[in-house]
Amino acid sequence: MPYLLITSSDGRRSSHSLEPGKRVSIGRSGSNDVVLRDPALSRHHAELSPQAGGWILNDNGSRNGTFVDGRPVRQPTPLRPGSRISVGSCTLLYSVDLDSAERVILSDEPLASRGAVILRPSDENTAPGWAEGPPAADWQAQLRRYRVVERANLELLAHEPVDVLLPKVIDLVFEAVNPERAALMINEGDKGLVCRAFRGDESPDDMHVSRTVADAVVNEQVSVLTSDAQADPRFRDGDSLVSMGVRAVMAVPLRRNGKVIGMIYADSRLTTALFKEEDLRVLTMLANIVAIQIENSQRLAERQKRAHYEQELKAAAALQRRLLPRVSPQIGGYSVEGVNVPCFEVGGDYYDYVKLEGGKYGIVLADVAGKGLEAGMLMMGLQATFHAEVALNPEPSELLARLNTAMIRSAPRSRFVTMCYVELDCAAHRLRWANAGHAPAPILARAAGGTETLGAGNVPLGILEDISYPVSTIDLLPGDLLLMCSDGVTETVDNDGNEFGLERLEELIVTLAGKSPSEVQHRIEDNLEKHAAGARPSDDLTMIVLQRQAGD
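Residue 662 is where the sequence shown starts when you use this note's numbering, and the numbers rise one by one after that.
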């Protein structure tokens, strides 16, 4: 997508994307798409209109005029990549989108030898080979070049996004060495050199860069100058640079920490604008400054992206906490406690209590495969579906079957959910449950001693269609205690990678007979923390402890 890079009258920079088929109004009024608070502008100053393959600029009869590349706009004017729109003291640079800019062609043409200069890193700080200093006529040009470098040191210090920084670099290249065309390319790994900023009379699609030059810059980390490509017989076999009349070429690496992160390329077809060694040195100095700022901009973008992601995580975590039970329900004749501790900001475990008809309660514990934000978002979707389905008061087997169908329809194929659903009949003191592959299976610790497990049932939700989930029943006696937990409990590891394990958990439950659910939960957490001995949790941890009160 094309876009405008906008420099307002106070020097601030911004960008505006040009959407296909949508006109863009420019002016001082707040009703415009691009609002520029410059008193020299008319309220509705100019307008950009889409046309096949590009954009047309119209002046809306403004009192101070609209200019493109220094020429007044008196009729609809097509824009080319790199066109500079001037309105008042504001500048709008028309740029092609990054995907379009990638189509700079690398031509398999040799590096010219006649008039060629190769500048290696060790040569960058040495003076040109003048016997008695530079000729007097070159002093002004040399002063102009180094003033550009000095300005680059100041102007490029600001932490700006890369898409704002790179067009500024191209402007400095034009001021320093006055080419006809210039491009800034970034080395993007498998993609190779990708053009990210361009300025010239035509589209970057028409620009050809010698592959030999590019390879020398990237692989050998040298700056290259070919002062007259047309005079070199080896270029005449090519059909691009010669046919386009390119005479002078410069290319310099963008180096950081011993690696080439990109390249600045400039060329000219004018015999009066052949580059000199001094131009190459200045362009190399500019590239060294630019490389630092590109890296800084990329780091800034990464920090901003990370900060934005962390904000999203915090928001998702806050939402997720609101979806989990805030307090334990009051169930006649029973005590219950639950806890959820995600190992990341957002977790994939879910537990809940739902009051049902006929004095019953539904208790659910689920574990989404995977961790982090994606698992957390899937868990939140599962919570909504669970509440919608359980409100219909279905049998446990039917509830899991419906949830399985919903998972298969909407969840990614790489995701699945283990779930155990327990229906507690408070009057009959009976549990009915169905288990969709959840492990560890719930453990029932009898007040009289010993433990029983509520079996694994069938496969997890979201794997196979048309699955049935068998329902089992068990009675609760006074003092009996039920523990439901996620595998984050049994798979808690110490620093040597040894798991806490199911056997150790069952042994611990037996020793906690007669304790309240709250005390049982805390004792389990204490034992897990002691076992981990400071090792970082690798999974979410969720527990529900339900106990029939003694004497009821």
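For the record, the hints were derived by calculation from the structure and aren't laboratory data.
There may be inaccurate statements among the hints.
Label-pair restraints from in silico Cβ distances [unchecked claim]: (1) G1162 <-> K966: 38 to 44 Å; (2) G1116 <-> E1190: 54 to 60 Å; (3) K966 <-> R735: 41 to 47 Å.
SDA-like mimics (lysine to any residue), calculated; alpha carbons at most 20 Å apart, straight line [as the list claims (entries may be wrong)]: (4) K683 <-> M662; (5) K1016 <-> Q972; (6) K1016 <-> E1050; (7) K1016 <-> T1046; (8) K852 <-> I950; (9) K1021 <-> T1066; (10) K683 <-> I717; (11) K683 <-> P739; (12) K1021 <-> S996; (13) K1021 <-> L1169; (14) K920 <-> I950; (15) K683 <-> N693; (16) K683 <-> Y664; (17) K920 <-> E881; (18) K1191 <-> A1211; (19) K1021 <-> V1002; (20) K1016 <-> V1051; (21) K920 <-> E956; (22) K683 <-> N719.
Glycine included, C-beta positions come from ideal geometry on N, C-alpha and C.
Okay, the hints, checked on the actual structure:
1. Our hint of 38 to 44 Å for G1162 and K966 holds, since their Cβ atoms are close to 40 Å apart.
2. Distance hint check: the CB atoms of G1116 and E1190 are about 30 Å apart, inconsistent with the given range 54 to 60 Å.
3. Separation of K966 from R735 is about 45 Å and conforms to the stated range, judged on CB atoms against 41 to 47 Å.
4. Using a Cα cut-off of 20 Å, the hinted pair K683 and M662 holds, with the two alpha carbons roughly 12 Å apart.
5. Restraint check for K1016 and Q972: the C-alpha separation of about 34 Å exceeds 20 Å, so the hint is violated.
6. For the suggested pair K1016 and E1050, the alpha carbons sit about 13 Å apart, so the restraint of at most 20 Å is met.
7. A threshold of 20 Å between alpha carbons decides the hint, and for K1016 with T1046 the separation of about 16 Å falls inside it, so the pair holds.
8. In summary, the hint linking K852 to I950 is not supported, as the alpha carbons are separated by about 24 Å, beyond the 20 Å threshold.
9. Restraint check: the Cα-Cα separation between K1021 and T1066 comes to about 25 Å, which exceeds 20 Å; the hinted pair is violated.
10. The suggested pairing of K683 with I717 holds, with an alpha-carbon distance near 12 Å, which does not exceed 20 Å.
11. Proximity of K683 to P739 is assessed by CA-CA distance (about 16 Å); at most 20 Å being required, the pair is judged to hold.
12. With a CA separation close to 14 Å, the supplied pair K1021 and S996 stays within the 20 Å bound.
13. As the CA atoms of K1021 and L1169 are separated by approximately 29 Å, the hinted pair breaks the 20 Å bound.
14. Distance restraint check for K920 and I950: the Cα-Cα separation of roughly 15 Å lies within the 20 Å cut-off, and the hinted pair is therefore satisfied.
15. In summary, the hint linking K683 to N693 is supported, as the alpha carbons are separated by about 13 Å, within the 20 Å threshold.
16. Annotation: proposed proximity of K683 to Y664 holds, straight-line Cα distance about 12 Å (limit 20 Å).
17. Straight-line distance between C-alpha atoms of K920 and E881 comes to about 10 Å, which keeps the hinted pair within the 20 Å bound.
18. Straight-line distance between C-alpha atoms of K1191 and A1211 comes to about 31 Å, which puts the hinted pair past the 20 Å bound.
19. At most 20 Å may separate the alpha-carbon atoms for a hinted pair to count; K1021 and V1002 exceed this at roughly 27 Å.
20. With a C-alpha separation of about 10 Å, the suggested pairing of K1016 with V1051 holds against the 20 Å cut-off.
21. Between the alpha carbons of K920 and E956 the distance comes to roughly 12 Å, so the proposed pair stays at or under 20 Å and holds.
22. Note on K683 and N719: the hinted pairing holds, with a Cα-Cα distance of about 14 Å set against a maximum of 20 Å.
Against the hints set out earlier in the document, violations occur for numbers 2, 5, 8, 9, 13, 18, 19.
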